[in-house]
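A.B. asks: In order, the protein sequence lines correspond to chains A and B.
Mind the numbering: the first sequence is residues 32 to 144 in my numbering, read in order.
Mind the numbering: the second sequence is residues 8 to 116 in my numbering, read in order.
In short, the hints are calculated from the structure, not lab data.
There could be a bad hint or two in this list.
What the hints assert, rightly or not - The calculated lysine-lysine pairs, modelled on DSSO-like cross-linking and capped at a C-alpha distance of 27 Å, are: (1) B:Lys103 with B:Lys59; (2) B:Lys103 with B:Lys76; (3) A:Lys38 with B:Lys103; (4) B:Lys103 with B:Lys10; (5) A:Lys96 with B:Lys103; (6) B:Lys76 with B:Lys10.
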Amino acid sequence: SAVISQKPSRDICQRGTSLTIQCQVDSQVTMMFWYRQQPGQSLTLIATANQGSEATYESGFVIDKFPISRPNLTFSTLTVSNMSPEDSSIYLCSVASIADTQYFGPGTRLTVL
Amino acid sequence: DAKTTQPPSMDCAEGRAANLPCNHSTISGNEYVYWYRQIHSQGPQYIIHGLKNNETNEMASLIITEDRKSSTLILPHATLRDTAVYYCIVSIGNEKLTFGTGTRLTIIP
Numbered sequence: 032s033a034v035i036s037q038k039p040s041r042d043i044c045q046r047g048t049s050l051t052i053q054c055q056v057d058s059q060v061t062m063m064f065w066y067r068q069q070p071g072q073s074l075t076l077i078a079t080a081n082q083g084s085e086a087t088y089e090s091g092f093v094i095d096k097f098p099i100s101r102p103n104l105t106f107s108t109l110t111v112s113n114m115s116p117e118d119s120s121i122y123l124c125s126v127a128s129i130a131d132t133q134y135f136g137p138g139t140r141l142t143v144l
Numbered sequence: 008d009a010k011t012t013q014p015p016s017m018d019c020a021e022g023r024a025a026n027l028p029c030n031h032s033t034i035s036g037n038e039y040v041y042w043y044r045q046i047h048s049q050g051p052q053y054i055i056h057g058l059k060n061n062e063t064n065e066m067a068s069l070i071i072t073e074d075r076k077s078s079t080l081i082l083p084h085a086t087l088r089d090t091a092v093y094y095c096i097v098s099i100g101n102e103k104l105t106f107g108t109g110t111r112l113t114i115i116p
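Extracted from the complex, chain B is given alone in its bound form (with noise of 0.2 Å):
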């Protein structure tokens, strides 16, 4: 799996627009790039995931570049309950999920 590289922490005001960024230059042509999150010890959530083209959910947008190495998250309007550690993953699919350390995402009230 590529090895992903995300800042440790972040801060973002309630209501504002949460930007994520990851880097993952070593991505190959057949991997996805994930994004889970997690509250407090809970299991890990996903949240979306792509391969080339951006994708919208109902909780967030990611943004990937046209190269390919390096992709944004963003969840629109950020309330206190998205303080979570934000991970970003590159996968082939349904197989085994390779964790960094993430990104410690503060929401500032």
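Only chain A is shown next, with the shape it has when bound in the complex (with noise of 0.2 Å):
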């Protein structure tokens, strides 16, 4: 299975300020995808990263709110602008090739103040 990292593992901010949060996977794949786990929920996706091209969001998820970036099989970032309490969450990457499984980052926790 693909070895998935997550920056940073953890951060607090302050609300109206952005994070942008890292996913690296140690080979290329075809698929990464960001999920957010609201406290004490599931998991929701949020969109699909497509490389090379804008990504595919879920409803209820816009753009502005969550820019993603996909500039290679290996590497993605996900935005978290303009934040407020609401978006404290934990945020999960995961990756999955063609007729793979889908395996998960270890997430980012974040706190909005």
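Mind assembling these two chains? They're in different frames, but the hints should get you there.
C.D. replies: Next comes the structure, spelled out in structure tokens:
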């Protein structure tokens, strides 16, 4: 299985600021996804990060709030913009290749004050 | 994606087999059954998946009924480290995963 790292592992931020989360995988993968897990809740998909094109967002998530980049097949970033306390969550990236299983990173725990 | 139904919580004695059920009555023919677990807000860990046949790996066994409308994840000898939330998900291969609320499994010493 792929080895996935996320930076930062956790952060405490002030409202109104933005945070960029990085996801790095040790091998080229076809698919990269970003999920959010709010406190006490299950995981919800934010978007699919597409290499070389705009991300595909799920209902309820917009690019202005969660801009995503994927410059190559091993790296992606998620930015949480203009943060409010409601954005306090664990943000997780996951990866998969064609006909392969989806694997998750360790997550980034974000607290917004 | 088809919806799954799991009991919200289960207990199992340490050393015994843990059997976690999942109903997926609306599963379509090309959807797999995936199991993940999440230990204390870490990233979900892949356990096992299957299409029609029963599957076994070093972590667990997956039993899928013949009509594919339900399945059971079996942890053969549960340890305290198996305490986690277990998610049963049906999906077409490596596409987006829709997580339900899962089963919170507690292993009792």
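A.B. asks: So, for every hint listed, does it hold in this structure?
C.D. replies: Consistency of the hints with the structure:
1. B:Lys103 with B:Lys59: Judged against 27 Å, a Cα distance of about 21 Å means the pair holds.
2. B:Lys103 with B:Lys76: Since the Cα atoms of lysine 103 of chain B and lysine 76 of chain B sit roughly 21 Å apart, the hinted pair holds (cutoff 27 Å).
3. A:Lys38 with B:Lys103: holds, 22 Å
4. B:Lys103 with B:Lys10: Holds, at roughly 14 Å.
5. A:Lys96 with B:Lys103: holds, 20 Å
6. B:Lys76 with B:Lys10: Roughly 11 Å between the alpha carbons, so the hint for lysine 76 of chain B and lysine 10 of chain B holds.
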